[in-house]
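Peer 1: Take the given structure of chain A and dock chain B to it, following the hints.
First to last, the sequence lines map onto chains A and B.
So the first sequence is residues 210 to 466, counted in our numbering.
So the second sequence is residues 944 to 1124, counted in our numbering.
Because the hints were derived from the structure by calculation, they are not lab data.
Ideal placement from N, C-alpha and C gives every residue a C-beta, glycine not left out.
Do not take every clue at face value.
For each label pair, taking beta carbons as the anchor points, the in silico distance ranges come out as [as the list claims (entries may be wrong)]:
#1 L957(B) to E231(A): 32 to 42 Å
#2 P1082(B) to E371(A): 50 to 60 Å
#3 G260(A) to I1081(B): 14 to 24 Å
#4 G994(B) to E359(A): 46 to 56 Å
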Amino acid sequence: MNSHLSDAHLIRFLDGRLPADEHAAIEAALATDPALADRLAALHVDTTAIGPAFETLLDNAPEVDFASMEHAADPPRESTLGRGRLSLAASLVVAAVLGALLASVWQEPRQDTPRDERWHADVVTYHKLYVPETVAPLEASVRSLNSQFERVANALSLDIPEALGRLADVEFKRAQVLGFEGTPLAHLTYQSAAGKPIALCFLKLPGAGTSVPVTSRQRGLAAVTWEQAGLGFIIVGDVDAKTLEALAKAASEAFPT
Amino acid sequence: MTESVRTELVSARLRLWRFCLSLTRNRASAEDLMQSTCVRILERAHQFRRGTRFDSWMFRIAQTVWLNEVRRDQLRAEQSFSGGDLDELTSPTDPERDAAGRDVLNAVLSLPEAQRVTILLVYVEGFSYAETAEILDIPLGTVMSRIGAGRRSLARGPLGESNGDTTASIASAVERGAALS
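The shape of chain A in the complex, shown without the other chains:
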């Protein structure tokens, strides 16, 4: 019996990372110890297949302007945003500033903040990280749109109006499921004609009634929030308030009142 051998020892054996003499000893013991063979079988996987399978994740890596990265490490001498082209270098600078900003927000005590304000704030905080490059490469086919809507619908146990996939003046990019304090949250991403990311989010809110849409500025972004049919909504983006209000109206009309 070789019950004294640890799992770590057996893993090293299966991975060929044992000294030759220890490897040979286990190999010899296998012939006479069926329990050892069973333990090895329970740990045995074809690890040589894992690497090739993960090669697929190398596809579709986001484009990164590494040539401009040197500028990101140092304070910019001029406004990078003013050049009219938001390169990754610029977005990295923005992200660094935002990172410090967001860290300060996250460290604030939030226990006394009402739940609806907290989820609005979290959505806005999340959306602040989006840059045009985040959404530009996303291509939503009809097939993937249906599949994404189905996943969101299943997660929220809610019919998702197809009209949300064709709101006027914006291009639908993606629907995904996020979560807030244990409640599934629908996150639909759009891109404005000017390339700006816009997010429409909604979740089931116990006790939610019907409220008039309220337009506000939150963390430098325009936002419209409202409640309707037991759901809480927020639409947010770095666009003008009128554009966002029109989108909020179209989204609201897509849902039953």
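Peer 2: Quick look at chain B alone, frame taken from chain A:
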């Protein structure tokens, strides 16, 4: 930022992307994580010690950024994953992707985060157990127990061979192990 760090980052860019995707299992979060990691690497370029492995340092920073964001960002922590999400993670330009490979990828990505990232570093990135422990800032024993738990789960899926002849299966493993040593 030193020129060498920039050069290393350019060369390791795709591996960093794969690491971020494997951690987050979500393209949008992976993009956020990759961007934040690049920022952190640039900020800390002066801390990188010549003669040490850049990829280990890069993955350690990515892991730290991810953990800090997970602790603080409830939205991201609660994102779910299902096999269907592979459509978003893999190339839509190659719909004929090998089905077995997709099953393997799905099985590994379905593991709990701690097991998933450890399996990735050892069996995809090729780090030693000790190097993996250093990257993840955990004891070596924890690395081995994570690998053990991950392997037990994977052995019951498409990567396992234990449903057939056990002896033949192990003999096959021994051959492969010997080839690695």
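Peer 1: Next, verify each hint and record whether it holds.
Peer 2: Here is how each hint holds up against the structure:
At about 37 Å, the beta-carbon gap between L957(B) and E231(A) stays in the expected band of 32 to 42 Å. Distance hint check: the CB atoms of P1082(B) and E371(A) are about 52 Å apart, consistent with the given range 50 to 60 Å. Restraint check, G260(A) to I1081(B): a C-beta distance of roughly 22 Å satisfies the suggested window 14 to 24 Å. Range check, G994(B) to E359(A): about 52 Å between beta-carbon atoms, so the 46 to 56 Å window is met.
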